[in-house]
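A.B. asks: Here is how the chains run, residue by residue.
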Amino acid sequence: MSPAWNKLLASADRLRGVHLRDLLRTKDRFESLSFSAAHLMLDLSRQRVDSQVFNELIALAEERDLRAAIKSLLNGQIVNPTENRPALHSALRMPQESSLVIEGVDLVSGVHETLAQMEKFVEKIHAGQWRGYTGRAISQVVNIGVGGSDLGPLMTCEALNEFRPPEAEGVDIHFVSSMDGSQLSNLLLELNPETTHFVLSSKSFGTLDTLANASTAIDWLMERSGLSRKQLLRQHFIGVTSAPDKAISWGISEHNILRFWDWTGGRYSLWSGIGLPIALTTGMQGFKELLAGANAMDRHFAEAPYEQNLPVLLALLGIWNINFQDIHAHAILPYDGRLAHLPAYLEQLEMESNGKSVKLDGELVQTRTCPILWGEIGPNAQHAFYQLLHQGTERVMSDFIVPARRYEGRSTGLIEQHQLALANCLAQARVLALGDAALSDAEQRPAWQRYAGNQPSSVILLETLTPASLGSLIAMYEHKVYIQAVIWGINPFDQWGVELGKKVANDLIDSLRQQSCEGYDQATSGLLARIQKLQQEN
Amino acid sequence: MKITVWGQELSAWVARAQLASYGNTVYLATGETEPVVSQLRSEPGLLSALQLAQFNERLIVDEQLALTAEVHWFSMSPDDADYALELVKTIAQTISGPLLIVNQSNFGVGMCDLMQAQLGSELQQVVYLPDLLQAGQAMQQFVTPEALLIGTDSSTAKASLLALLRPFHLGQRTIQQMTCREAEFVKYAITGLLALRLGYINEMAGLCDQLNLDMDAIRRGMSTDKRIGTHYLQPGCGFGGLQFTQYLQGLAELLTGRRGSVLIDTVLAQNEVNKEWPFRTLWQHYNCELENRRIAIWGAAFKAGVADIDNAPALRVIDALLAQGAEVCVHDPEAMQALAERYPKTQKFSLATSAYDACKQADALLLLTDWPEYGSPDFPRLKRSMQQALIIDGRNLYDPHRVQQEGFVYYTRGRNCLSHPASLSEQTETA
Numbered sequence: 000m001s002p003a004w005n006k007l008l009a010s011a012d013r014l015r016g017v018h019l020r021d022l023l024r025t026k027d028r029f030e031s032l033s034f035s036a037a038h039l040m041l042d043l044s045r046q047r048v049d050s051q052v053f054n055e056l057i058a059l060a061e062e063r064d065l066r067a068a069i070k071s072l073l074n075g076q077i078v079n080p081t082e083n084r085p086a087l088h089s090a091l092r093m094p095q096e097s098s099l100v101i102e103g104v105d106l107v108s109g110v111h112e113t114l115a116q117m118e119k120f121v122e123k124i125h126a127g128q129w130r131g132y133t134g135r136a137i138s139q140v141v142n143i144g145v146g147g148s149d150l151g152p153l154m155t156c157e158a159l160n161e162f163r164p165p166e167a168e169g170v171d172i173h174f175v176s177s178m179d180g181s182q183l184s185n186l187l188l189e190l191n192p193e194t195t196h197f198v199l200s201s202k203s204f205g206t207l208d209t210l211a212n213a214s215t216a217i218d219w220l221m222e223r224s225g226l227s228r229k230q231l232l233r234q235h236f237i238g239v240t241s242a243p244d245k246a247i248s249w250g251i252s253e254h255n256i257l258r259f260w261d262w263t264g265g266r267y268s269l270w271s272g273i274g275l276p277i278a279l280t281t282g283m284q285g286f287k288e289l290l291a292g293a294n295a296m297d298r299h300f301a302e303a304p305y306e307q308n309l310p311v312l313l314a315l316l317g318i319w320n321i322n323f324q325d326i327h328a329h330a331i332l333p334y335d336g337r338l339a340h341l342p343a344y345l346e347q348l349e350m351e352s353n354g355k356s357v358k359l360d361g362e363l364v365q366t367r368t369c370p371i372l373w374g375e376i377g378p379n380a381q382h383a384f385y386q387l388l389h390q391g392t393e394r395v396m397s398d399f400i401v402p403a404r405r406y407e408g409r410s411t412g413l414i415e416q417h418q419l420a421l422a423n424c425l426a427q428a429r430v431l432a433l434g435d436a437a438l439s440d441a442e443q444r445p446a447w448q449r450y451a452g453n454q455p456s457s458v459i460l461l462e463t464l465t466p467a468s469l470g471s472l473i474a475m476y477e478h479k480v481y482i483q484a485v486i487w488g489i490n491p492f493d494q495w496g497v498e499l500g501k502k503v504a505n506d507l508i509d510s511l512r513q514q515s516c517e518g519y520d521q522a523t524s525g526l527l528a529r530i531q532k533l534q535q536e537n
Numbered sequence: 000m001k002i003t004v005w006g007q008e009l010s011a012w013v014a015r016a017q018l019a020s021y022g023n024t025v026y027l028a029t030g031e032t033e034p035v036v037s038q039l040r041s042e043p044g045l046l047s048a049l050q051l052a053q054f055n056e057r058l059i060v061d062e063q064l065a066l067t068a069e070v071h072w073f074s075m076s077p078d079d080a081d082y083a084l085e086l087v088k089t090i091a092q093t094i095s096g097p098l099l100i101v102n103q104s105n106f107g108v109g110m111c112d113l114m115q116a117q118l119g120s121e122l123q124q125v126v127y128l129p130d131l132l133q134a135g136q137a138m139q140q141f142v143t144p145e146a147l148l149i150g151t152d153s154s155t156a157k158a159s160l161l162a163l164l165r166p167f168h169l170g171q172r173t174i175q176q177m178t179c180r181e182a183e184f185v186k187y188a189i190t191g192l193l194a195l196r197l198g199y200i201n202e203m204a205g206l207c208d209q210l211n212l213d214m215d216a217i218r219r220g221m222s223t224d225k226r227i228g229t230h231y232l233q234p235g236c237g238f239g240g241l242q243f244t245q246y247l248q249g250l251a252e253l254l255t256g257r258r259g260s261v262l263i264d265t266v267l268a269q270n271e272v273n274k275e276w277p278f279r280t281l282w283q284h285y286n287c288e289l290e291n292r293r294i295a296i297w298g299a300a301f302k303a304g305v306a307d308i309d310n311a312p313a314l315r316v317i318d319a320l321l322a323q324g325a326e327v328c329v330h331d332p333e334a335m336q337a338l339a340e341r342y343p344k345t346q347k348f349s350l351a352t353s354a355y356d357a358c359k360q361a362d363a364l365l366l367l368t369d370w371p372e373y374g375s376p377d378f379p380r381l382k383r384s385m386q387q388a389l390i391i392d393g394r395n396l397y398d399p400h401r402v403q404q405e406g407f408v409y410y411t412r413g414r415n416c417l418s419h420p421a422s423l424s425e426q427t428e429t430a
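These protein sequence lines are chains A and B, in that order. Numbering that gives the first Met the number 0 puts the first sequence at residues 0 to 537. Numbering that gives the first Met the number 0 puts the second sequence at residues 0 to 430.
Isolated chain A (complex conformation) (with noise of 0.2 Å):
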């Protein structure tokens, strides 16, 4: 291990029986563990670290070269060398009048010309002038998508929805995503084939689970209208992929394609045409909005020194967290019901990004790497899995995110439910790091009332929920992910470990359809003839 390692161990190890209450007592901690930038606050004050640690941390940094690493990122270097490529997610909301030129070509003039189409096709149905088959104007908009395809604009959409402008509340958005065809199904028997549209989203397009559930869409389509494929292919699909040919060929109309690029990777899309759900929620303007907040992070996270570099810091604590105190799960929790879906997509993001155990040189890691992650909206979860992270025996870190404003200019009761959030929050958060500390009568209790504490837990706050606060807030772990990834010496780039479950089911979706069970472990065989032999019995 390296020298900043080392001190880390040794400084793990110097802290291993100090309270988080005692941390907290030190003189001046939340002013010293609290940082701004870019629409949200970080407080580190409830990490279980002192100044020494937080500046071994920052020798961390220095000792990994993360600023030459943020540079290799944000210029577009091969930061993905299994799949050979940039990720460069952040040019996807770098503005108008800027550049960057890769191998001769501009990319953000690219990325603009995709920007314009999307909004002619977010105008033309906004204005009711995107007309079905029979002409009635379209109303419905189902997003077909999977993974990257569908959890950002889900998340967002569902985040920024009071962000409507007038002209988009004639168009309700759906999303359907599972392989079996649960959610479609449901929707199609509520939908008007005429007024219904759909958003074929896959960057490959060649994603299973979607191209079945297109399938469907387009089989519905046409035995409601009696109308031919290519007809209702062009008035009732866009296709948003990196693969406009292989669209093209499956019957898109070229004229209804947002294309993006395989240096996107699809759970860093929502930025590219991917976004076309969000942009039909909030406007071209909320959209844009959007952008500008991740864009006003990235720009953060490329200028501002190690000391107060959101995302470097959020990395760093996390690195503290699982490499030195041996925490291993991290409960993502909003206190606010509009980020409902940002567990499930920072799950995505984290897990399928750093679940990895190959470094780029291809050796096995020393170290943990990513954690299992999951939330839940925080009061919810109070009174689901709290219960656990006060007096359970696994180590859990949190991070508890929550606006300070909310409901403004609404009824007194609803501004006094977003109090009732924030005063829970705040409890939660204090409660965990210091246990029954936090009571005045706590030596009375008996053992099943009493409570260790000592969970460390980060608050992100942000001034209020809009499109540019929520933009900085996943650019910011988009990059935490990065900063991890560069320290584990792996790839977070890629998810070969998706692939080869994808290539068995090939396998045994013809074993199922040819009723044979042969060449298998005892296991697969032994349920495919169950299953086979239920499927006759009926």
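A portion of the hints provided could be inaccurate.
Claimed, not checked - In silico BS3-like pairs for lysine-lysine, Cα to Cα no more than 25 Å straight-line: (1) 382(B) <-> 359(B); (2) 245(A) <-> 229(A); (3) 359(B) <-> 344(B); (4) 502(A) <-> 245(A); (5) 245(A) <-> 70(A); (6) 344(B) <-> 123(A); (7) 123(A) <-> 347(B); (8) 26(A) <-> 6(A); (9) 501(A) <-> 245(A); (10) 119(A) <-> 186(B); (11) 157(B) <-> 1(B); (12) 119(A) <-> 344(B).
What the hints assert, rightly or not - Which residues of chain A face chain B? A few of them, derived with a C-beta cut under 8 Å, are: (13) 2; (14) 133; (15) 233; (16) 234; (17) 392; (18) 394; (19) 529.
Treat the hints as calculated values from the structure; they're not laboratory data. Heads up, the beta-carbon is just placed ideally off N, CA and C, and yes, glycines get one too.
Chain B: place on chain A using the hints.
C.D. replies: Showing chain B alone in chain A's frame:
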């Protein structure tokens, strides 16, 4: 009598013209003695009557004198409610003696009471006179009203108003007195019922197309029932007009806000769908591909006899066609100026000076207003000049057999069974 008329509505200008031509002196506070808006200028008989009144010095613009009249007639836009209240206050401060305020404005229920509260003595009264004029026939309707609806609680106010309007009722017309609030509401109730009838008949027409029935036969059958009668039963591609829509929207808000009822909202929403019937028919006829198709439109005014295009079906149809990249050429006997203002420097949009010019090389003719001059066109001439002999008739102007004999493909609202017996048009539409 000296009367000041306030406002720029059609009813304001008609009141000025007719009150002056029956011998009163009519004041305006500011502006011209003629309406500026082209829709009002083309109201039959209005402009000449106003010019005569001005010539005879019975129509006078004078800010000071305007405040001194003993009768003030308010025919203002719904947006001017606050201004109207201020004005009543100013008038009340100027005049100490008897004062009659005749309100015809659509300010909603209860506004007259607020105006009355600004006035001083018993001798100063506000009455409500619902504006029942229809554009196109307003001058005639003002002088020969079917009945007079008067909203007031005061018998002296009623007597003053009847004296003022004596030339127009001569003691022979039915007079209905009610409270101000009731009179304010009457127009909403009338408009709502008319819209329900129109909405209903348009739905029936759509259904007839799906059931292969001739709507005209159904309509004739319905009219034999005296309870139903013959009015407002002609199906078409939707109703429009500024005032009609304003009253309907006001009624819809009242119904939704007070009763949670979506009855009129539904009629309004369905009417918007109806307005696009000609577009949808064309869209389906050309398999959802209208780019660079040349489309002629006859009639843009919301009804024949007016130059007004507010909320007219033509606007929705033109917007839809332009959004699909079609070329649109419009003719209308009266609404050309309003159209030019609405579509300034618009690509692929043009106005034709004659109905036949509009159809040159056209891929379809859409008939959207039933102006008399479109009633019997020279079909062979039309067919020769059009690229495709296709007529989509939103006003049921022609005999389907005849038009087809002339070699046209013909779609009409509620009568497609006569021209497209097995047509798929609208078959798949659901409400």
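A.B. asks: Could you run down the list of hints and mark each one as holding or not?
C.D. replies: For each hint, the structure was consulted:
| no. | hint | verdict |
| --- | --- | --- |
| 1 | 382(B) <-> 359(B) | 10 Å, holds |
| 2 | 245(A) <-> 229(A) | 15 Å, holds |
| 3 | 359(B) <-> 344(B) | 21 Å, holds |
| 4 | 502(A) <-> 245(A) | 20 Å, holds |
| 5 | 245(A) <-> 70(A) | 34 Å, violated |
| 6 | 344(B) <-> 123(A) | 20 Å, holds |
| 7 | 123(A) <-> 347(B) | 17 Å, holds |
| 8 | 26(A) <-> 6(A) | 24 Å, holds |
| 9 | 501(A) <-> 245(A) | 19 Å, holds |
| 10 | 119(A) <-> 186(B) | 43 Å, violated |
| 11 | 157(B) <-> 1(B) | 18 Å, holds |
| 12 | 119(A) <-> 344(B) | 21 Å, holds |
| 13 | 2 | 66 Å, violated |
| 14 | 133 | 6 Å, holds |
| 15 | 233 | 7 Å, holds |
| 16 | 234 | 5 Å, holds |
| 17 | 392 | 54 Å, violated |
| 18 | 394 | 54 Å, violated |
| 19 | 529 | 44 Å, violated |
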